[in-house]
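Participant: Given these sequences and hints, build the entire structure.
Going down the list, the sequences are from chains A and B.
Take the first sequence: its letters are residues 1 to 504, numbered as in this note's numbering.
Take the second sequence: its letters are residues 1001 to 1544, numbered as in this note's numbering.
In short, the hints are calculated from the structure, not lab data.
Even for Gly, the Cβ is constructed at its ideal location relative to N, Cα and C.
Be a bit skeptical, because a hint or two may be false.
[To be verified] Residues from chain B shown here face chain A by an in silico Cβ test under 8 Å; the list is partial:
1) W1067
2) S1070
3) I1071
4) E1140
5) L1143
6) I1152
7) I1163
8) F1166
9) L1167
10) V1171
11) V1174
12) L1181
13) A1182
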Amino acid sequence: MMPLGFTRLDFYYLLPELIVTAGAVALLGGDVLLARGRHRLLTWVGLAFLGAAAVALAFISGREGTVAQGMYSVDGFAVFFKLLFLVAAALTILMSHRYLDVEGARPGEYYFLVLCATLGMMVMAAGVDLVTLFIGLETMAVSFYILVGYIKPSRRSNEASIKYFLLGTFSLGLLLYGMSLLYGLTGSTELRTIATTLAGGRGGPLLALAVMLLVAGMGFKIAAVPFHAWAPDVYEGAPTPITAFISVGSKAASFAMLLRIFFEGLPAFRMDGLGTIFGQPLGWTYFFYVLSIVSMTLGNLAALTQNNLKRMLAYSSIAHAGYLLIGIVAATPRGVMAALVYLMVYTFMQLGAFAIVVLMRRQDVIGDELKDLSGLSVRQPAAAVAMLIFMLSLGGIPPTAGFMGKFSLFAAAIESGYVGLAIIGVLNSAISLYYYVRVVVYMWVRREEAAAPPVVMSRALALVLIVAVAGTLVLGVYPRALFDLAQASASTLGRADQALGLLR
Amino acid sequence: MTYHLLSIVLFTPLAGALVLLFVPRAQVDAIRWIANAFALAGFVVSLPLWNFDVQAAQWHFVEKAEWIPSIGATYYLGVDGFSILLILLTTLMGFISVLSSWEAITDRVKEYYIVLLVLQTGMLGAFMSLDFLLFFLFWEVMLVPMYFVIGIWGGGRRLYSAIKFFLYTLVGSVVMLLGILALYFYNHTVTGVYTFDVTQFQQLAVPFNIQRWVFLAFFLGFAIKVPMFPFHTWLPDAHTDAPTAGSVILAAVLLKMGTYGFIRFSLPILPEASHYFVPLIVWLSVIGIVYGALVALAQTDWKRLVAYSSVSHMGMVMLGMFALTPVALTGSIVQQLNHGISTGALFLIVGIVYERRHTREISDYGGLSKVMPVFAVVFLIMTLSSIGLPALNGFIGELLILAGVFVVNKLWAAVAASGIVLGAAYMLWLYQRTMFGTVDKPENAKLTDLNLREFATFAPLIALAVWIGIYPAPLLRRLDTSVARVITRVNSVYGPALAKSNCTTPTAPAITRPPAPTPGAPSLDLTGFAACADEAAPKKPGGK
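Facilitator: Printed below as a string of structure tokens:
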């Protein structure tokens, strides 16, 4: 029996998380201490801490093992996701810089909560123990409940916050039930122990119930149909940068957690062991297979009729959860790699698209309706070109990164023999092009609003767009580095069983 | 220089687009000059491709570099006689369409030329790629610029037509992507190597049940692009509503993507499935020939008529291809070039009068030959070329196709020939209604004839039409090894025969064939017509 607690070396491996925590505290302090006029400084404070965390992350990359008594892993998989979260958080903060001015909201607590959410995500990606994972998820979720309702005078924002809170708590309950069943079956909360204990063949209906509850709980978090009902309202009501952060960060973190739970904790029940359905052995990939198909199809069909940009992007993000699940269903190293590639690619294109929505928010204009984009190609050509690139990328048209992401997902499906799933996937991406192209039509072809005052772009937002466009194009034309990184990261999933501390 | 020739040809238009990005949009004339200069440069740099080693069977001007090693995708360019001719057609038609837009496009000039030049790079890349993923990338890159060309600078129901074009082609190509992936993984299970190398795929012996599905996946992608009969409905809309340059590019080059795909990928990679699906494709082609011609007869819109004639002509191309004889395949390729030249020119012709009168109704014209004599001559030459009059290019292609098809199935040839008759009917009737008669509309009396720039767009096409019609030997010689490569791979009847026959004798008579055999003597031995030009050409199927 090992002694409880942390070793000193553990802190070294937790440095990125600690820096983010310190940043959050510093922001909260700054909010109180700084004079009212200087609050804009906090943007750069937050960014500085995120940058420092990224540097710290570079030091621990390449290591493999667990710290904190095997509750927390340090591996390529975690590093990949942490990098993704830091990028997403940084872009979110940059996006919020002017947005908060326009909304008249205080930046201090807002940035504090963004960093807290980031911290939660990082824990979700690295935890290899059900309790750790749950604490990470809860940290993220609570931060988001508040952030969604951050625009106090806005009724939409308040309504979204309540909805998100109620449904989110409900889903957490489901997840906890699933987790407690797993604990009851195995006597452990460590994913690796769960895996080895269950590999002995103890499954049965209770395990099937646990898996179903876990799937439902995670399904809420990744906004997969039929657990998606909260997404459109929350996306529409939340402050736009937060919508962006939820759709990218929260989704990626939930996928990380999902991968951890199912690939590290329940690898033996991939294809069978949970009973039978229609005479076929039932494994957890079956659930994700169904979720994937209905999410893709319903998400895309619902998005077709949306006239509000944020709602459209909400439904499209539901569809993207469906595409991502293809990688989970494939349940191969290539599938995991494809999901990682897609999540990284998705970060850039989705954040970029929301940055355009932020851009359209001006003093008197909410700017999230499709028709607000009319004639953008004349009013702000650079933004229109950027939006074009994001829309094409979301639709999966080369030479944008979205194509490389979809390509790797469909490749994974075909390799694993899920040809039907791949066909449904490609047909869905063809459908989705219809509504993505609609955005382009508004920007280029409709010119009713061309006479409206030009859209002014702040420097912070310009930076976000440059980063997002560069990410979307570079990863689309020359994705070599991303593929290599994702491959290396995916291969570490479930491999780290050596403790990195001095104790073992 | 020569080593990176393909990359230079490929990226010259893109470089032009990048330069244009930094030109202020108010300087419209500067934008036009720069775009034309780059388009012309793109054509000029592609000319050295013409002088490749005709005898050699391997790929020419090959370039290979790492791209995404973790999945085995490479930046792999290479061409043979077939793709070289299509590349030259592309660079020429690209320049012509840029030149033809000088006065036609006045709105968003900068964006227009950027989009056109990007499209050019996409098309060239598709013809050059020997890596399947790279090919697919370029294939999809073409979609968006073309969507914009139709949707922004088009007329009529341009948005409807643009999205129809976009979604049709997209559905086809994403399904094709799955076919590519199936091959990719099959190749891995056989060889243990992950690669998208097309030359490697062309040597695979894929089991028939896989071949069949992959063929259908490819078929959907390529047949929509061609377009073959039931998938053609996007074409008349897209053509009618596109601006002139868009129609020219669409007809001359984009449609060739489909036929190129069949010849480069479907036939050599999936030979058994190609045989299996011959009846399906032949009958769809034959229906397309006759149906396209009949619908063209009924059109009252000048541009729509030409669009439907495209359906008919492309049916002819597909028929020649899937006769799977060397002669017919050669004819099919020649006819692809011819179609690019004559239909491209016909769309330019519609554009000329549309710019002046802003109507495409045939009944709004009449007697134009009196007010626009030079124009009338150009139109006549192109009409005759489209019909297939001897001494012009269309004749060579149609003759080779019919001769090649005839030896396989006389019924197919007979139905196809009736399409040619109908073709003569709708084209000559169109000519009569628009050019002859009296000038009964006062608007038509004031029309000006072609100016120098407009004539310059036609001059190279007329020269090519006459040259191919009278002396096609240089063209045919350049196709020998490509055709032999495909036929030996796809056709077990001709493959061994070709390998044995003329190749052993270095003085093969194939190269000195008569340019225009008399149509009255189809009984001469045509089966060995496009026999391999040297010993290296024929390979046993599946081996190297």
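Participant: Min Cβ distance, E1140(B) to chain A: is it shorter than 8 Å?
Facilitator: holds (5 Å)
Participant: Against chain A, is L1143(B) within 8 Å by beta-carbon distance?
Facilitator: Holds. Min distance 7 Å.
Participant: Does the CB of I1163(B) sit less than 8 Å away from some CB of chain A?
Facilitator: holds (6 Å)
Participant: Quick one, is the V1174(B) hint okay against chain A at 8 Å, beta carbons?
Facilitator: Since the shortest Cβ distance to chain A is 4 Å, the answer is holds.
Participant: Return the status of the interface hint for A1182(B): holds when the least beta-carbon distance to chain A is below 8 Å, violated otherwise.
Facilitator: Holds, because the Cβ-Cβ distance from A1182(B) to chain A comes to roughly 6 Å (cut-off 8 Å).
Participant: So, as I understand it, the hint says I1152(B) touches chain A; can you test that by seeing if any CB pair is closer than 8 Å?
Facilitator: holds (6 Å)
Participant: Please verify that hint: V1171(B), Cβ, nearest Cβ of chain A, below 8 Å or not.
Facilitator: holds (5 Å)
Participant: Holds or violated: is the Cβ of I1071(B) closer than 8 Å to a Cβ in chain A?
Facilitator: Check passed: Cβ of I1071(B) comes within 6 Å of chain A, closer than 8 Å.
Participant: Under 8 Å, Cβ to Cβ, is where F1166(B) needs to be relative to chain A, so tell me if that hint holds or is violated.
Facilitator: OK, holds: F1166(B) within 8 Å of chain A, min 7 Å.
Participant: Can S1070(B) be said to touch chain A, with a Cβ gap under 8 Å?
Facilitator: holds (4 Å)
Participant: Can L1181(B) be said to touch chain A, with a Cβ gap under 8 Å?
Facilitator: holds (4 Å)
Participant: Holds or violated: is the Cβ of W1067(B) closer than 8 Å to a Cβ in chain A?
Facilitator: The hint holds - W1067(B) has a Cβ within 8 Å of chain A, the shortest such distance being about 7 Å.
Checked against the numbered hints given earlier, this structure breaks none of them.
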